[in-house]
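Chains as they are written, first to last, in our numbering: chain A, 1 to 216; chain B, 1001 to 1220.
Rather than coming from a laboratory, the hints here were simulated on the basis of the structure. Check each hint, because a few of them may be wrong.
As the list claims (entries may be wrong) - Subject to a maximum C-alpha distance of 25 Å in a straight line, what follows is the list of computed PhoX-like cross-link-like pairs (lysine-lysine): (1) Lys1038/B - Lys43/A; (2) Lys1042/B - Lys154/A; (3) Lys1078/B - Lys42/A; (4) Lys143/A - Lys1038/B; (5) Lys208/A - Lys25/A; (6) Lys1208/B - Lys43/A; (7) Lys156/A - Lys143/A; (8) Lys1141/B - Lys140/A; (9) Lys1192/B - Lys1208/B; (10) Lys154/A - Lys1180/B; (11) Lys1078/B - Lys80/A.
Remember, it's a predicted structure, so these values are computed and weren't measured experimentally.
In case you want the letters, here they are:
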Amino acid sequence: MAAIKVHGFHASTATNMVLCCLNEKQVEYDFVLVDLLTGAHKKPQYLALNPFGVVPTIQDGDLTLFESRAILRYLAQKFKGQGTDLLGSTLSEEALVYQWCEVEGQSFNPPVSTIVSQILVVPRRGGSTDEAAVEMNIEKLGKVLDIYEERLSKSKYLAGDFFSLADLQHLPHTHYLVNACGKGDLISSRKHVNAWWEDISSRPTWQKVAENMKVN
Amino acid sequence: MAAVKLYGPLASTATSRALACLLEKQVEYQLIPVDLKKREQKKPGFLAMQPFGQVPVLQDGALTLFESRAIVRYIAEKYAAQGTIGLLGKSLAERAVIEQWMEVESQTYNPPSSFLVFQLAFAPLWGIPQNQTEIAKNEKKFSNVLDVYEKRLSESKYLAGDEFSIADLSHLPNTEYIVKATGKAELITSRKYVNAWWENISSRDSWKKIREMSKADSKK
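Extracted from the complex, chain A is given alone in its bound form:
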């Protein structure tokens, strides 16, 4: 059977979320580069796979699937019997996984992706960082992380005492925040968030992915 194909870009947080999940589920894949720097994602060949022209997209046999968080859920469900169980053991645990996945998508991602984009991406495209936007989003992110601090003081991982998709979704952007944006204090100043970050980012499945996330 053909391996899953992942169309993506090495520096893309959404791509790396999917690669980490494939590692967790011990699933082989072929990586197909979509070079964002040359605009490959907006060319007809890629738009035929993903009409929104964003990465990643996967192909698994007849199925073509985009949206990283949807891909994560598909992989976690399809490969439920192997690798790390990422959905909890009961319907209620699974519901909490989905809840914290939504928190990542709705509350964590907007401010952190703005910070990372302004600090890392905008200057590389010839623009200058909007410092006011960065400050505003640091404040926003701080409030979200305060709530995480409270949660993680009572629960080892976001959805419960088990690592899940919810924790995994946070890896790529937090990696850039801490290691490439100089904003690690947002994490390290919060005792339980810091312990959680140290834990999840030291997973070998993540480290393999992080090695390839070159900023230049």
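Position chain B against the provided structure of chain A, taking the given hints into account.
Only chain B this time, still in chain A's reference frame:
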């Protein structure tokens, strides 16, 4: 078994998203209003259930759950055997495509459409100044998204395939406000297939019921 409780005002898009799913699955529920004007959602009693201070919250027996899209998934899974069947598809592959369009709604449809709804429908009511530059930017963004939807819906009756799913359901609340309350209904109505899809999904019994309840609410 304890009845399902949904906390939130009907006027909130996230609350009506969760309620639409309860109605589709014919789940008995209690809708407990939360007064956003009095900032009830930021009081300790509510924050104990939902630490981000947002509506809605679902209580089902021992489970307290927030984030409307997580609530939709949970209700659709737990009550899979009753009400509208097939909201999650009939196979893993079908479910995956449904999840894909749920995420498109969440990440791509929701941001520009909620911005327009807030700026055009609510800001004037609450005396908040409108940002015309951002309104124009978001209208363009939303139009571009709708062009992709137009192509998709010209090839597929519903977003994920031939059957109504939670992906279509998720779009009901924002689209209702866009069409009824922003003066920008033509964004939807000018697109043949998007409009047909909208007419179809908004005429479902579940959404009709929510419209009736909203009407009754506004008369109070």
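Verification of the supplied hints:
1. Lys1038/B - Lys43/A: Between Lys1038/B and Lys43/A the Cα gap is close to 50 Å, so the pair fails against 25 Å, i.e. violated.
2. Lys1042/B - Lys154/A: holds, 21 Å
3. Lys1078/B - Lys42/A: violated, 40 Å
4. Lys143/A - Lys1038/B: Holds - the C-alpha atoms of Lys1038/B and Lys143/A are around 21 Å apart, at most 25 Å.
5. Lys208/A - Lys25/A: holds, 14 Å
6. Lys1208/B - Lys43/A: violated, 42 Å
7. Lys156/A - Lys143/A: holds, 20 Å
8. Lys1141/B - Lys140/A: holds, 24 Å
9. Lys1192/B - Lys1208/B: holds, 22 Å
10. Lys154/A - Lys1180/B: Outside the cut-off at roughly 44 Å; violated.
11. Lys1078/B - Lys80/A: Judged against 25 Å, a Cα distance of about 19 Å means the pair holds.
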